[in-house]
Amino acid sequence: MSAPADTLRELEARLRDLEGTAQRTGQNLDAALAPLRAEVERLRGEGHARLTRWERVALARAPGRPTALDYVERLCTDFTELHGDRAYGDDPALIGGPARWGGVPVMLLMGQKGRDTKSKIRRRFGMSNPEGYRKAVRLMDLADRFGLPVVTLIDTPGAYPGIEAEERGQGWAIAESIQRMVRLRVPAVCVVIGEGGSGGALAIGVGNRVLVQENAWYSVISPEGAASIIWKDAAKAPEAAEALRLTAPDLLELGLVEEVVPEPLGGAHLDPDAAAAALGEAVSRHLAQLSALGPDELKAERSARFRALGSFREE
Amino acid sequence: MSAPADTLRELEARLRDLEGTAQRTGQNLDAALAPLRAEVERLRGEGHARLTRWERVALARAPGRPTALDYVERLCTDFTELHGDRAYGDDPALIGGPARWGGVPVMLLMGQKGRDTKSKIRRRFGMSNPEGYRKAVRLMDLADRFGLPVVTLIDTPGAYPGIEAEERGQGWAIAESIQRMVRLRVPAVCVVIGEGGSGGALAIGVGNRVLVQENAWYSVISPEGAASIIWKDAAKAPEAAEALRLTAPDLLELGLVEEVVPEPLGGAHLDPDAAAAALGEAVSRHLAQLSALGPDELKAERSARFRALGSFREE
Amino acid sequence: MALDRFFRRRRPQQQPGAEMPDLWTQCPRCKEGVYNRDLELSAHVCPRCGHHLRLDAGQRLAVLLDEGSFQRQSGRVWPVDPLAFEDTEPYPARLARAQQKTGRPDAVLTGSGTILGLPVTVAAMDFAFSGGSMGSVVGEEIARAAEHAAGAGTPFVLVAASGGARMQEGALSLMQMAKTTVALEGLAERGIPYVSILSDPTTGGVTASFATVADVIVAEPGALIGFAGPRVIQQTIRQHLPEGFQRSEFLLEHGMVDAVVDRREHRAYLRSLLGVLTRQPAPEVGA
Amino acid sequence: MALDRFFRRRRPQQQPGAEMPDLWTQCPRCKEGVYNRDLELSAHVCPRCGHHLRLDAGQRLAVLLDEGSFQRQSGRVWPVDPLAFEDTEPYPARLARAQQKTGRPDAVLTGSGTILGLPVTVAAMDFAFSGGSMGSVVGEEIARAAEHAAGAGTPFVLVAASGGARMQEGALSLMQMAKTTVALEGLAERGIPYVSILSDPTTGGVTASFATVADVIVAEPGALIGFAGPRVIQQTIRQHLPEGFQRSEFLLEHGMVDAVVDRREHRAYLRSLLGVLTRQPAPEVGA
Ligand SMILES: [Zn+2]
Ligand SMILES: [Zn+2]
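Same order as they appear, the protein sequences are chains A, B, C and D. Here the first sequence stands for residues 1 to 315, where the numbers follow UniProt numbering. Here the second sequence stands for residues 1 to 315, where the numbers follow UniProt numbering. Here the third sequence stands for residues 1 to 287, where the numbers follow UniProt numbering. Here the fourth sequence stands for residues 1 to 287, where the numbers follow UniProt numbering.
Just to be clear, a hint being listed does not mean it is correct.
Unchecked claim - Okay, derived cross-link-like pairs now, SDA-like style, lysine to any residue, Cα gap no bigger than 25 Å in a straight line: (1) B/K299 - A/P295; (2) B/K236 - C/P90; (3) B/K299 - B/P63.
Keep in mind the hints are simulated off the structure, nothing from the lab.
Build out the structure end to end from the sequences listed, making use of the hints.
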């Protein structure tokens, strides 16, 4: 990062020290610290606007960035996780179940990364196997049957590239999930909350509305993957990130998302509660708008949205 | 078998010798052999009417009894076997695909036993794994999509009782196949052509019409299985067969099948062409009758048929 | 993730009319003696080791439903002997014995009730009656219960406990697998939730029909659940069965059940799940 | 089971306007030299070892369709450079080179034709154009072809040959997976058959969208078919890949494709299959 970023880091550290002192001693320093806080905020805003695409990717992967379940804990009640594809296994990297989102009954589908080393490994760093996509299909069946809007939180580096995943039809499972989502007769709102890696992300990304958090990325290929192909060198990922135009503002400009959901300055990990509040509000607002449409309209509107995507000239 | 059966065997053998002589020498013996042939036929008829239930079970399992594919070769054109459940594997014990049955486009689903030692093992003696039932579901999806009547030929000792089958949800797969068949909006005609073993048979047995070949059996449990439970002795299978009332005439009397499809005297294996002709005619006739019904009627009629099955008294 | 499982039962209900012939019961797993009264208070789960003791249908509904809410629907349909089945004894003699032992016509109890205020239609199989085997009556009662749920628009909750289809009614028993599936179709068509709870044991034709076509499948901890019985499998493959094979936790791992839920949590779990699936407003906390 | 595959082609068709710069081609597998004329006569399958050589889109349709029946639909839609993408060279320069090499705007050729008299809509991907990669134009042409098939009521036959989504159009390429699936939905709704033929290679986003949501999936012998490429998998798991991994025969065994069909049989296979799926009367023998 640039020099102002270093300044910001230092100021943030000092501010934390002072706040610690305040807490320890019981001394109220709020008034005394207000100007310093304002300056930190200003620097954050400045720095944020200047972030490179690669820096945004780093924020999307930042340690402590809220995972899907972190948002569920803050925004949902009555979440019942339903497990399994009823055919082979249960995938902890793609989870879901019925819940109330801000009180409204919905069906959740979520890419889920671990929150500590053990669960990160168990959840395959958010990379799903075919069982995950097949579970998603099953839960969408339930959503349609019970008239529950589908809310998806996307956070995956991509589908898992493993031998067993291929044996059990990784491509087939993703395609079926996409197709199932096209067929939904209930509202579907999708949000990329971290990484939106390729087909593994799109599998639960065919919504009537697709939103993206401010520091999330969404791409046809990871920057590292692109760099490996182009320059045979994954270390050139920053260059690839620039070329791929995978940040939230890029996606909005390309017309691929309806809205960028704001994050607290510096990233969602700095204030998960504030990040959740913004996410909750945005999803609830779109759900409310979509609730006016009937089943046929919802499918037709979603189909038209995706049918129109693409950039070409016609002679 | 009884003494008359032994006499019949001997006469059959002599007759075959004489027919061989006629063929070898070119001498036309038809007139000379006619009375002997008539006597053999008479004895067959007599013996057949007297068959015990266990003897019928033996006929259903007789070496050389036509398998599903033997009938397809004789009755169908344009059969394209479609493989796989698109999730885990392909089951050679439960096969199917589109074909023309006596010229009429249908979707076939069939329990398939091997015809030699190697293929018997490969086809698990007609015992399906979950993949077989999931393939059946997939093919029923296609049948509904394209308006193809479903014709099933049932021939299985039962679903395969294996560790892997249980791991991959044998019970679930059978239940889904039953449910899918309940939901069909096309005509479905099912025929038990050999063994109708328990849930593994019913999985493709939920038809608008259910027929049974004269020497086939259909039961909640195999005679050996029942004997093992009742007497802890599989050798008591003949007694169990009597108690279970699992023969074609029994099933007709119990109201579980619409029709018994006749076999050549002595069993289908003695004259596969004649067996096929009778099977072909029966299925075609029922398909023609059902073609008058619309999709909703077909589902409703099939549902009503099965909803009514059961024997109880009401107070 | 059970964020708001606040609907704990304030106190477990006594089974209406339950007698206590002995003061205590020995836990089949940990061998600890447990006072019967304590067992009832813990939904017949061993307070020491968590073992889920088998319940008869009456005990099951007492654990599941709000006290006093149960309205029985089953009971007017009685089994007959369509095959004149006789093995080591005639089928009617077997039936009479089971009827006397359980006080029920057959191996199922159905009706309606409420779970923490939410109206449901319920069916509980009775393993105590001939191993919970499914013949014409079990099929008919479950079909009627499903149809009642569809008509009333209430979620349907079924508790499975069965060795499978009943041999003594031959192919008629087999057909109950299709019959019950037909009846459940009315729920799917109307978008009414159907939840099955698989208890120890659930095998054979029950596993291959109504128990597993549910929208949500819950298993009790440690229950034996499968299609083929372990003994049959062992005879066929002549191979050792892996540890935990066909148990609830094994099935969860293999993607077959939605959750393994402790019996003491069933009411809260179902209330929370069904409240969302029926798109009802969130209940007041503490309701 | 191909009981009546009597629809053998009497003689293979020459590709219209094909040139023969060299007299023979070396088979990439058996290394045998084969006269180009013989190769064309055998649908570009090595007569010696059965290896299926890669075809460009024009060759593919020549093999598949009745001679002279093809009516091109694609070609009016041209790629642009929405991201101003530049890696080792600008995207427009890449495109120009591929266009010059293949004589097509992009990596797909679509239209209508007949297969042994049966009218079909077809789309063939062109691996020769930038590895058959799928960007906006490929997505648009396939979507239009699917819509044309739905409108005309003819079966849709698509031949996949692709390394996956096209990096140079970023997330726009990714969205083609959903777009094509949307367009194919019209076929499913109207009960019009969709058959995909997977040729060597079919990977990435193509495998995870339109290529695998077909009613019937046929693979050519020995084709590489998968989602993740073998190199990516090997890098991730650092493990040796099994022999035959991700090949057609492997996928058949794993239940993913309906059949592995020799290219020389494709016409007969499709005619027989589609005739039944469209419930047409059986064609006269020898037609
Ligand atoms: Zn205990
Ligand atoms: Zn060769």
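Checked hints:
1. B/K299 - A/P295: holds (24 Å)
2. B/K236 - C/P90: holds (17 Å)
3. B/K299 - B/P63: Cα-Cα ~37 Å, so violated.
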